[in-house]
Amino acid sequence: MAVIIEVLNKQHKVIERHKFAQQQVAFGRAYDNDVILYDKHVCPHHASLQQDENGQWLLRDLSSMNGSFIEPREQVQQAQALRSGQICWLGEQALRIYDDQHQVAPAQPFNRIEQKLLKLGHLGLIATLLLLVLLEEVFSLWLVLPDKQQAQWSRSLIDLPLMLLVLTLWPAALAMWSKLNQHEARFLPQLGITFCGIAVMALWQLLMTILNFSLDGAETVAWLRESGRLILIVLLLTANFYLALQLTVPKKVMLATGLGLILSLQSMGLSLLFDDMRRMAPRFDSSLLPMSFYLSKPVSADEFAKASDELFSSTSAKRADED
Amino acid sequence: MRALWWWWCGLLLLGSANPVAADSAEQLFARYEPALLQVRVLEKASGAKASIGTGFVLEQPNLLVTNYHVVSEAVLFPDKYQLEYLAVGQKKGQLKVVAVDVINDLALVSTDYQPEQRFSIQNERPVQGATIYSLGNPHDLGMILVPGTYNGLQKYSFYPRIHFTGAVNAGMSGGPTVDAAGKVVGVNVASAGNQLGFLVPADALQALLQRFIKDGEVADFKQQIDQQLVSSQQKMFEQILSADWQLKDFGPGKVPDEVVPFIRCWGESNVEKNKDQLKKVAAFCSQSEEIFLSQQFTTGRIEMQFEWLHAPDLHPLQFFSRYQQNISSANPDNQAGKEDVTAFECQHKVVQQPNGQHAKTVFCVRAYRNFAGLFDALYLSASLDHDKQGLISHFTLSGITQQTAQAFSRKFSEAVLWQ
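These protein sequences, in sequence, are chains A and B.
Heads up: the first sequence begins at 1 in my numbering, then just goes up one per residue.
Heads up: the second sequence begins at 1 in my numbering, then just goes up one per residue.
The following block holds chain B by itself, in its conformation from the complex (with noise of 0.2 Å):
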């Protein structure tokens, strides 16, 4: 379950505090208590809890703040899932989500719950290593404080997230987190475990919300979502397709390395070990965000891969036959569910490039069913003119337009070479 994938780790961070801090702190958490909910997803035919997280009340406008992630089911399942609040006092009440942002994992909801005291959106940025408190409800036991540390913007990612240091856990999701006047810095969002969490800036709110306050509450979210997509998306692809390629080499040929700031790319090989007697050199490289758009759904990532396989002392029908097992299975790296998408659909042939060489190429596509003009593409292609090497490249995109995709896959055929 995406809203309690959270690390739990058991570490005592008030300790270290100064007595200052703790000071502030207790008086934040005794003052902001009151308007922190936690926001509960309800299967309506079993009336359980299908998922929690976090929420928070705005001081303007009366909005409840939580994490899109947490109340997705809700928002494209309506007919299964309602939303349901419970603050302090046991009180409960209806949710009702009004609008949403699922590039930054945000979603506002309008509540008859209005408690005196609210939070306030912090125009600045902290300065790095300011103690800044993430607020929120972990795993169900309790509205709890957690003090970290401000460590700037994630520095390699696509979409800006807030690097904090500090436990944020699963329940957490969507829960404000402030600075020491109280105001909100930041949305919890997400954590690679240890200390190490993940905040929705207070800027991306606050634009969500100007959007809000323009254009009202929104009739239709899943056309509302798909522009976000694509926008998000043309953004993305526009800094990759005008970003001049850095190549690297690759066995007896160049590819593409880390294009843009926010593809990263890793690689591996076996030839030292004398094993096998087929060489494989790999290189992976991916921008792997992804965009949340249902428990199982998700979008918005890159993956590339390059494998080089050569081997000497195979005869080139045995080399071919080993060959073809590495390229037999493909499969995308975004998690979609068959309401979700369509099947995939190929197209498969010997392709020459326009310097000559040939190589196998495999293009498949599948439509979003509930996203117009988006897609997720995957291309594989192997060398031919080798008998006993070969090269394979490969890439998926997901939550793509067609025109991207073809756009993408141009500028990546002609900057894969064999030298």
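Only chain A is shown next, with the shape it has when bound in the complex (with noise of 0.2 Å):
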């Protein structure tokens, strides 16, 4: 029966896989080993398995410096039986040893959601959400600057790479994260599932700015453009950490939400922070477009001077109130 050999860093990840048929396997720094390992403080000649006439393995220290080991951190004397897919260290040096009987996991089939994830990594759909993005900033900047204001247009162009290259830090860091845990980076997917989600934000902006002015700045529209908001933010973290995170899926989604729901709150703590500070001045919706853009009925001026009695009631009722 044949054994196989992990060799495994620190963390417990596989670096070399081997696999012997003999009855005993010798172990250390020494060239004349039939595993050669590289720890300094594992011996030239450190340790030997072999395998006892029931076929059990069994692990036996060469009287090393700095002993052997068996999960879970037992000193081996002279030697010890090892179970299939045992860990054992010689010195510091973490090795799994499995008979070639051993179970493995069935196999996984493709993951659908994965799959479409990483269809974002296309470069041409990066190249277009960029194009997009960068778009959208220009006509912000182009709707609030005055075309004689050469000098503010150049330096806030000058900017826009700058952005671009801070927005792409998020999809780095977790490229870099998943390369350190799980050899693979997908940064342009990440690249791409980040890039969309600031896509679909901006275009969510910009209709609720509509439907803001078309409904008169009415309470729910704010309500909508905060759910929705925090749903975007959401979906985006959940698609971003489905490609980096080796979690079960609830764990991601959980995670996600957490995230967006912090960054969210951050958000409207800040605005109630203000909010106290202006609490004098009048609020109101000042969202102007042109008339195009109205998609309710406009009331008529009497209507709209009989609503106002409701404002006198309802700030006479509140004169005695302190806060």
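It should be emphasised that the hints constitute simulated quantities derived from the structure, not laboratory data.
Fair warning: this is a prediction, and the values are worked out from it, not measured in the lab.
Just so you know, even glycine gets a beta-carbon here, dropped at the ideal spot from N, CA and C.
One or more of the hints may lead you astray.
Some, not all, of what chain B presents toward chain A, calculated at C-beta under 7 Å [to be verified]: (1) Q324; (2) N331; (3) F344; (4) E345; (5) H348; (6) K349; (7) Q352; (8) Q353; (9) A382; (10) D387; (11) K388; (12) Q402.
From these two lone chains plus the hints, build me the complex, please.
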């Protein structure tokens, strides 16, 4: 019966895999060993693995300087039996021993969501999204910056690549994490997901601006805008984590929701803080767009005047409130 | 501090006075100095002065007269402040407010101080150019006499005020201004700096005295002040609402001009400057005399603003983005704290005017906490029917009833026209 020996790193990731058909395997730093180890705390002839007459594999320590251990960190006195799949240490070097009958996990089917997300890493798509984000930025500059102020225009345009660079930091960090943990960076898909999220967010903002004007700054629009933004952030983060983290799907969604909530609550908390400072100034919806963007029916001057009764009675009712 | 907002100007007025006037001025001062008191508002906790002013003792009845704004803290917050007088010879004593007129900024105060010589009220108005003498204690420097000229009533003021050419300074508030015979023609109230002083005419004092004699001491000052504010506001707005509003051309439309004499208008624009693609023409109108209620709280102002914005070189979306910035913040023009008023509540809608034009219209209201039925109102309207130009019309009213605010709002929105 053959034996399989995995050489593990400190995080117990496999770095080498050997298979031997013989009855005895020698370990150590010396070049005459079957498995030549690199760790400086391992002796030249540190230990050996032997199969007894019952087919049981025994780890024998060859009076090494730093000793040999078996999961869970038990020192091997002379020779000790090993189960298939058990980890042992020579000095600090971890090894995992299997016999060739050891059961392996069934094959994973292709994950459809993962496949779809990976498609977002298409270079053409990323370039299109990048262009969209840039266009949106230039559009918002164009809205507020007068043509005459050339200096301000060029300064703002120079800032754009910097902004894009900052936006790529997030997918870069995710790719780095995933590279360290899964040997697979998936930077382009992460970049695609992130820019897709940003573009959709900008589109949502635009839609809400029009809706807000159309519905006269109704509070429901504000709620819709905020909850939509939260959902978009959670979706974006979930997609990011889907590729970057090796967690179960519910855990990924929970992590993304938690992070999204923290981000939104932070911005809400900030606005509440400023709210208090501006409490004495009247708060009203000042959104203005050309009349063609107005989708509901305007009220008549009489209806507007009549509705103001409500303001007088409502503020009168609050006269006695201490706050 | 309101009691100290007089301008200090150190001009020597006595140099040009003729010998006869100087003589009588000396006599006047010597005769009446004992009837002049410094009125002090003391904070109870620290025992320190919070503000000071001047007061004078009347012959009949034995009451001290001063400005409401000198004693307002003691009227509104009797638990926190108390009043004290300081007379010649450092004599001190307690004071108690018995009646107020916030519209004319007057207060009647009872006192145990009984000087031999006291002031009486002149029932005739002086002739224009007559020399009159303002008495008071500027900047806590001691009682002084300032001769000056009676120049009739202030021209464009809703509240009657004597225009006095002479230096009235901080701390002289509430002091009397007398004619050569020593009779009170007015009460020092405000200054616009540089020899420009304002006095409350003696007939306002006379009216307050008559009311006090008839009604006696007031139990609830807040209720009395409330009534005064409501009736003064009604008088003012009766005049405004019944007036035939003169409109003036303003950009592509027409807007109200100086609709009554006490509302004054100014204007400005940037159309000649080539710098900004957004051209603005603005006009402001206001009744800027406010009624003092406390050091944090004033009321009674009216303000109207019109702005015409046009940008032929901008795209409509660019224009509207900047148009929006122009209406994004609007503030009331009177001072008020959280203890004085509720938070504003607003409604904001696109409104279709009877002539078919559309405008984004905002109307905000806040209620006075201590005075039932009084509000501050703010209105803002921005026309929406044109791609590259817009007309903003805006007003704020302070210390107004619901009915009057709504009536004014109707008249105002109908008067602003796009042609």
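Comparing the hints with the structure gives:
1. Q324: holds (4 Å)
2. N331: holds (6 Å)
3. F344: Interface hint status for B:F344: holds (4 Å vs cutoff 7 Å).
4. E345: Nearest chain A Cβ about 5 Å off; hint holds.
5. H348: With a minimum Cβ separation of about 5 Å from chain A (threshold 7 Å), the hint on B:H348 holds.
6. K349: holds (5 Å)
7. Q352: holds (4 Å)
8. Q353: Hint holds; B:Q353 Cβ to chain A Cβ min 6 Å, cut 7 Å.
9. A382: Because about 6 Å separates B:A382 from the closest Cβ in chain A, which is inside the 7 Å limit, the hint holds.
10. D387: This hint holds: B:D387 lies near chain A, its Cβ roughly 6 Å from the closest one there, short of 7 Å.
11. K388: violated (10 Å)
12. Q402: This hint holds: B:Q402 lies near chain A, its Cβ roughly 4 Å from the closest one there, short of 7 Å.
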